[in-house]
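Chemist: Below, each chain spelled out in residue letters.
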Amino acid sequence: MLQIKPILAALKRHKAGTILIAVQIALTLAIVCNALFIIQQRVDRLSRPTGMDERNLIAIENRWVSKKEEDTSSLSRTDLAALRSMPGVQDAIMINSFPLRGGGWSTGIRLVPDEKVKSKAQTTLYFTDDHAIATMGVKLIAGRNFLPSEITSVSPREVKTTPQVIVTKALADKLFPDGSALGKQVYMNDSTNPPATIIGIVERTQVPWSGLWANDFVENAMFLPVQLTGDYAIYLIRAKPGQQMNVFKDAPATLIKTDRLRVFSSERGVRTFEQVRANSYSTDRGMAILMGVICFVLLGITAAGIVGLTSFWVGQRRKQIGVRRALGATKNDILSYFLTENLMISVAGVVIGAALAIGLNLWMVTQFEMARLSMIYVICGVIALLLLGQAAVLAPAMRASRVSPVEATRSV
Amino acid sequence: MFVHNLRLGAKSLRRNPVLTALMIMSIGIGVAASMITYAVFRAVSGNPIPQKSSVLFVPQIDNWGPTYNRAGEPPPALNYTDAMALMKAKKAERQTVFFPISASVISTTTERLPFKVRGYATFGDFFPMFEVPFLYGSGWSHESDDAHEAVAVISKELNKKLFDGANSVGKDIQLDDGTYRIVGVTDTYDPKPRFFDMFNSDGYTDPAQVYVPFHHMMDLKVDTWGNNTCGGGPNRGNDYQSWLRGECVWLAAWVELPTKADEDAYRSWLRGYAEEQQRSGRFGWAPNVRLRNVVDWLDYRHAVPPESRIALTIAVSFLIICLVNTVGLLLAKFMRRAPEIGVRRALGASRAEIYKQFLAEAGMVGLSGGVLGLILTGAGMFGTGLVFGKEIAKLAQLDFSLVLLTLVVAVLSTLIAAFYPTWRAAQVQPAWQLKSN
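Top to bottom, those sequences are chains V and W. Under the working numbering, the first sequence is numbered contiguously, ending at residue 435. Under the working numbering, the second sequence is numbered contiguously, ending at residue 492.
Derived by calculation from the structure, the hints in this document are not laboratory data. Be aware that a few hints might be false.
To be verified - If you want a taste of the chain V side facing chain W, the calculated C-beta under 8 Å gives, among others:
#1 Ser89
#2 Val286
#3 Val346
Unchecked claim - Quick list of the computed label-pair ranges, beta carbon to beta carbon:
#4 Lys171(W) - Gln298(V): 37 to 47 Å
#5 Lys141(V) - Met273(W): 32 to 42 Å
#6 Gly220(W) - Leu385(V): 51 to 61 Å
Unchecked claim - Sample of chain W residues facing chain V (criterion: CB under 10 Å; computed from the structure):
#7 Met80
#8 Ala205
#9 Phe218
#10 Arg300
#11 Gln333
#12 Ile471
Using N, Cα and C, we set each Cβ at its ideal position, and we do this for glycine too.
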């Protein structure tokens, strides 16, 4: 470590190479910090729980062909009866949408019937029946489930509100921060409609959307005891443990046997929930993989660059190294000389790089509505690059330490 | 002499194979990363209708008011009342409003099961406005619109399915409970992004297979298969008639205004219309209207996904790092040959010749990097679907212009990177090098 002065003197003679390594380390740090941060944000999102018993669920999106709207409620009742009596099926529901599906209903909730008051919370609406809690596998933590007598059948155009609703804990806490949601009245949609009473609270259910815009109400969901009519019917089926694949195979045939005038859409027709999840987060997962690959390759290229330039320096200085060795420098002295040299360049690089990383993040915040970079990533990046530099310089430095003192006498 | 330099360059690639390989890899990977992301970016940020993008406009009218609109912007579509007022006024050269539909096709000729198709309920102006190409027949006339006729335009794909690709103009098609006379068959028509329907989709979904007259669909009380967005105010409507009178927006509207004067006139008409609504008491706020052309509209609706722009930013920075790396490696490679340069200079080679030789050498490195980059780009194209989704990945293709661009970027950027090392090489003093030898 006492070699700092001579190192500085030597570096002055290799300004270009020194600056290049420092710049490369700085730029790599800037990109790697931001890429890691993007990865963490995406991975966080794609591992969010939906609140459901995902491993046993199957979703079927069914469309009637040439059926009158008034007939569809009895058709779906027949379907549900057939699905529920299938072997391997625990329970099944018809629902207008489900977590991670991608399309659904959302509305603002008010506590007072006044149009001028801004809504208190945004929520998604799930229209389903008294089997929803059992089918989805969500946990009722307060109040009660819907009664079969409370379920009504309504056209999507005419649905207003219902006397009873079940809400998620997240929504209940947002509406009533003091924890008194159960039994309270809320207004949805048009506040000229009558209020709904919260009769139950479930632990957790996610909204249908995985987009960044839905982040601030991702667990705000409300269940209404309504079966929507119309030519589109979405079924969620919960298989008994271990039966998911059997039910997945047999359920479409069961439905077609009940009535063959129907289609399952090609992309979203019959899916296990694993497929739904993978589909919903495919962009996030892809982005995380891409950033991971970029980080990996970038670190590799930077390491290769350091190895290349240091090897060149070692080659250039063989004679000087030989002279030092002849004058009594140990192998360790030579080794630590190159390690210290690299450490000094790297420190300069990471200092600039940390500033660049924060700058790049601030620019991305304004451009892409991203979150602020946490300092942890900068610190981790700095440590990673310093270690990488030391590791990359190790091989050429070892080679330098093996230069024999005899080199001092050679002419080249 | 130039050929000689290239030959020397190719030969020197084999000298210091490790350094050379590192450089080629670095350039290849850097170029491939930026080319893949650029291909995606190019695919999603292109102008889908360049010849008409400045004369097609989206009229927007704020029927929600400041309490419910988003940050002062009028909703991105029209409600039925405003859309019909716009169609009736006929203030533009051409105008159309439309909404997506979904219907079952019941085949009359074959024993096929009914299947679903998606399409639009629109007006006859739709086809000339958006320059929809026709294989057979044409769009329908204003008379068909006004008479609420049951006619249809179908796509080439649907025509192939139903009629084996034969000219089906004049034949009937069965959609749900109705029979429609086919008046036209479109050729493949799939502009990306689907600029005219950014209200109902992200612009990258599958194209329409059937088009039917708007008024006829309204007579049948057909619902939109697309979005229906309500501001949060009252007047949502609870049955079909009150829903039509309500303030939820669900109709995409477009007008064609060939000159600047037409555009100005239309803008003031829109304003006047909103003023009238204010006077009549329907709007409790001052007129708030917009008239955006195709480019402004795509920008406003964020047709370019943020993932694409983030990836492009990162990839370009990536290329820069690879080039900085190349500068360092080239410097090492060239300076290693200082003695050789000294000898050449001493034997009478000019600085210009040293420049030529080393730039040619760098060019060879760049070209090799470009070829590697091309291979990696080709391979990477298969992976684009992972990040950007299938619909967008389909658009990003390794075409001739991209191949050329890859090679040009690789060679040019390497030459730029080589400039400093070459300059250093040319500075080598013949006498000094000879002495130290």
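Chemist: All the hints need checking, so say for each whether the structure fits it.
Modeler: Status of the hints after comparison with the structure:
1. Taking 8 Å as the C-beta contact cut-off toward chain W, the hint placing Ser89(V) at the interface holds, the least distance being around 5 Å.
2. At its closest, the beta carbon of Val286(V) sits 5 Å from a beta carbon of chain W; the interface hint therefore holds under the 8 Å criterion.
3. Checking Val346(V) against chain W: minimum C-beta separation of about 15 Å lies over 8 Å; hint violated.
4. Look at Lys171(W) against Gln298(V): about 21 Å separates their beta carbons, and that is not inside 37 to 47 Å.
5. Judged by the Cβ atoms, the range 32 to 42 Å given for Lys141(V) and Met273(W) holds: they are separated by roughly 35 Å.
6. For Gly220(W) and Leu385(V), the hinted distance range of 51 to 61 Å is satisfied, since their beta carbons lie about 57 Å from each other.
7. The closest approach between the C-beta of Met80(W) and any C-beta of chain V is roughly 8 Å, which is under the 10 Å cut-off, so the hint is satisfied.
8. Here the hint on Ala205(W) is broken, as its CB sits about 17 Å from the closest CB of chain V, past 10 Å.
9. For Phe218(W), the suggested interface contact is broken, since its CB lies about 20 Å from the closest CB of chain V, more than 10 Å.
10. The beta carbon of Arg300(W) comes no nearer than 13 Å to any beta carbon in chain V, farther than 10 Å, and the hint placing it at the interface is violated.
11. Restraint check, Gln333(W) versus chain V: the minimum CB separation of about 19 Å is more than 10 Å; hint violated.
12. Below 10 Å, beta-carbon pairs count as interface contacts, and Ile471(W) has none with chain V, the closest being about 14 Å; its hint is therefore violated.
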